[in-house]
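Asks: Turn these sequences into a full structure, and let the hints steer you where they fit.
Protein chains: 2
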Amino acid sequence: MAAPAGPAPAAMAANHVPLSPISFLRRAAEAYPGKVAVIHGEQRRSYAELFDRCRRLASALSLAGVGKGDTVAVMAPNGPELLEAHYGVPALGAVLNAINTRLDAASLARILDHGGAKILIADREWGNVVRAALAILSAPPRVIDIDDAAGAASPIGGMTYEALLATGDPAFACTSPEDENDPIALNYTSGTVGAPKGVLYSHRGAYLNAMGSALTFGLGPRSVYLWTLPMFHCNGWSFPWAVTAAGGTHVCLRKVEAATIYRLVAAHQVSHLCGAPVVLGMLARAPLSERGTFTHAVRIATGGAAPPSSVIEAMEQAGFSVTHLYGLAETYGPALTCAWQAEWDGLDLVARSRLMARQGVPLVTVEEAMVADPGTMLELPWDGLTLGEIMVRGNTIMTGYLKAPEATAQAFAGGWFHTGDLAVRHPDGYIEVKDRSKDIIISGGENISSLEVEEVLHRHPAVMEAAVVASPDDVWGETPCAFVALRSGEALEAEDIIAWCRANLARYKVPRRIVFGDLPRTATGKVQKGLLRDLAKASDA
Amino acid sequence: MAAPAGPAPAAMAANHVPLSPISFLRRAAEAYPGKVAVIHGEQRRSYAELFDRCRRLASALSLAGVGKGDTVAVMAPNGPELLEAHYGVPALGAVLNAINTRLDAASLARILDHGGAKILIADREWGNVVRAALAILSAPPRVIDIDDAAGAASPIGGMTYEALLATGDPAFACTSPEDENDPIALNYTSGTVGAPKGVLYSHRGAYLNAMGSALTFGLGPRSVYLWTLPMFHCNGWSFPWAVTAAGGTHVCLRKVEAATIYRLVAAHQVSHLCGAPVVLGMLARAPLSERGTFTHAVRIATGGAAPPSSVIEAMEQAGFSVTHLYGLAETYGPALTCAWQAEWDGLDLVARSRLMARQGVPLVTVEEAMVADPGTMLELPWDGLTLGEIMVRGNTIMTGYLKAPEATAQAFAGGWFHTGDLAVRHPDGYIEVKDRSKDIIISGGENISSLEVEEVLHRHPAVMEAAVVASPDDVWGETPCAFVALRSGEALEAEDIIAWCRANLARYKVPRRIVFGDLPRTATGKVQKGLLRDLAKASDA
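Those protein sequences? They're chains H and G, same order as listed.
Mapping the first sequence onto my numbering, position 508 (from 1) lands on 508, and the numbers just tick up by one.
Mapping the second sequence onto my numbering, position 38 (from 1) lands on 38, and the numbers just tick up by one.
None of these hints come from the bench; they were simulated from the model.
Do not rely on the hints blindly, as some may be mistaken.
Note that identical chains are pooled: a pair holds if it fits in a single copy or bridges any two copies.
[Unchecked claim] Simulated pairs of lysine to aspartate or glutamate, DMTMM-like, Cα-Cα distance not exceeding 20 angstroms:
#, residue 1, residue 2
1, LYS438, ASP113
2, LYS35, ASP345
3, LYS35, ASP428
4, LYS537, ASP518
Replies: Right, dumping it as structure tokens:
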């Protein structure tokens, strides 16, 4: 390799560089140029090639009129293109808006409009939704097609991603941002309730969160990371940047299917992956015939909800070691981690699962977390009983909500980010979520944690999934209403469920109504409680 | 544990906190309060206790009149006190000046005077030197005694460190600095040539270097770090902060002795340690009777000079895996790492050692490194041949030299830090030091790398250590002069050495003179080449 020759810019400081995860890629290409950076099906690309492609992307976007502060939207699976966009878009000072691939046309149009995307890079698999969204917009973005989907998906825009790259210059200078607080990404909240909000991340926050995640999850140059967690979900919890910082290998994945995951884990000696509990559940329930054989250590991080003990047990038996993380879009993904204590090693599964279900303690890059009274902002006792709101602060908290100064000010009231999650803090310092503020059920003046009722329902051997919401009640104000999906082949009556709850819960917490059927979920695996609340209300009327 | 209760400061930002390694300790005390943080002899202290003691130290120093920007000097072995000073001193905005314990009184006095220390915390083992230094100074600092040394070391100051801590408040607020670029530490260069310079580190640089070191060296909460590298040496390469960031355990060590190191590695399941090649050499040469038995993986990082292949081989046989790092006081210790490539796994020792002797590629937290012509600042070809100066830039480069704006400007000329080390860059991107600028020998217009000659001498089975410097020569300008220490029991003549060199080196590189005897070293294990040059000159006259 020949060295680039050219004088150093005069204004450059020897001892200060704005923090940006773009540095991780440049460095990986320097330290591990020939190493496999990205595996996608049969395709292998080295770090030198990845860096080359990202610079081409930045250059091509720049030639296409994208400038500093502009938004580039990407609607894509966990493939090379979205990974490259995590570097190529910010390398020219633009902002990456990775979009949930499960959105409907109206929601997509709203986000494209609100985020002001100048270009939309979209996989043809979602061509119909994209075309419908574009039709709604008065000033639609230019569309670049990702032509990766098997089958004859028809074109959306006038150019493919590969053709776009071909217009780019691989010698494009990937510069650090002038200000490390400049935006790097825009992520819309999953919108379980209300209109999605545009959460802004900064270069500084992304850099630090990636370093913290790499350290927390034990990433190193030998790590092989499987992309089960959507990259559009909080930028894949910063792992597009963290894996590269560690010099590890990314394994792409278009579709989350148990058999594929097991096959890739074995084939590529995958060492790390992340996923919502619903993904762990899928892996845990996969028939033995779908499981590849592997004997190496695999770490899986999960978040979004506590993994039920039955899932932890099944995952451990399948060869995975589970880490529980907690966070929100506003915290770049993980903010708390259920840090493992050496003295837990010897505990039995029930005891371990109870401890592992807790959201835990701050990540090393989070400055502080507390469970506080949101009215007084006073921290509450670490007694495992007193319910308060989780507040966090630090460099890995969003810059703010795009075009929503009031919502931003509200979220940051008192100098802390208000998570909206209700929790207790145990005497050992571990925070445990009891409910979302809006998910708490108030019955006869008593608070009922929907999570507590759900945990009891999950322990029933015939129950696959369950969600509990408030149902309006003339006498009690609210009562719990349970939505239950049974395991295949199981048949239960509402009375059976109620009897199980009576045996395991205080009387006032027992659901008054049981509705059987599949649970509606967001793209990231979160149960859509807003929808269930509407159903509970409607069926009540 | 009861939660601290109190309203959040109004001015606090939810999403921005100045970077400081102080955060690592607060976080470790929150995540791992009961875990053993520090082992010192029979003593064990938890992270909660360590945090408590550091806050007491900050509070006590504050009560003793130390304020923001003041210097607190510490002359101590690798014990709990110097570790605590890495948090307690900066926690009140003061600057830690950890002092080389091998200094003579005049050098110590010069540093105390130049650094302006208000307080000197000193171990009684060095009482005589300290007293002599104080006698030189017109305004000596107040002395606090560390009373840890076995035996009857007599008092120096009027108060012990433990008595000082007792005056402190464990509820002292460990605040982040207002500006993350504020100084955290002052380290004097080892001064192989000329007067020592005071190198300033910032909170931001220390935070980032610690994160980078933790990631590079694979530290995690199960890591046990043995303090073989002096903490006064570039703040122990940031490991007082890195090990704490990872939630690992520090094992203190007053004295670097092979038997003690082997005993502690086995007793505490030490997973990581660092040391100059001289320490590796000591471990490699230790008789089997001094080696404890251990079967777990131990990683040892070394720097300051390339480890000879014989040492690498012996270390591997003894159960250590060796990582080669490169850096200077001005780069917070490590700036380059000889990153291991998977394809090296299968190589034989000779091939591996040759690769591992190279200084390598930038650490993840270093922005850029290049081998350049210092005149033009143009990067030189990556051909493994063209000699240039190593230049680095990034956030882990010193703030500057204390009270030496001209030296600072010179070191940062052109926007890069000039290391003064001459190197080539191989086609694979690895940088290999050939010599210090001032250590190159120019003989008949040809550059001779003293390192190359030393490597040949080290390969001789009877040679324990060797150093080569320039000797003035009327005909050639300079010729190489070799200082050689033989293994015990070995007897060689100068002619034998010269014959060996003739067989292994170009004729003009063969030393003209051989001097037998022990090599003079600095406290950090560096050969004092300046002294050898003087000897070579003197014996020549």
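Asks: All hints are to be evaluated individually against the structure, with a verdict given for each.
Replies: Each hint, compared with the structure:
{"no.": "1", "hint": "LYS438 - ASP113", "in the structure": "neither (28 angstroms within a copy, 62 angstroms between copies)"}
{"no.": "2", "hint": "LYS35 - ASP345", "in the structure": "between (36 angstroms within a copy, 14 angstroms between copies)"}
{"no.": "3", "hint": "LYS35 - ASP428", "in the structure": "between (43 angstroms within a copy, 12 angstroms between copies)"}
{"no.": "4", "hint": "LYS537 - ASP518", "in the structure": "within (18 angstroms within a copy, 88 angstroms between copies)"}
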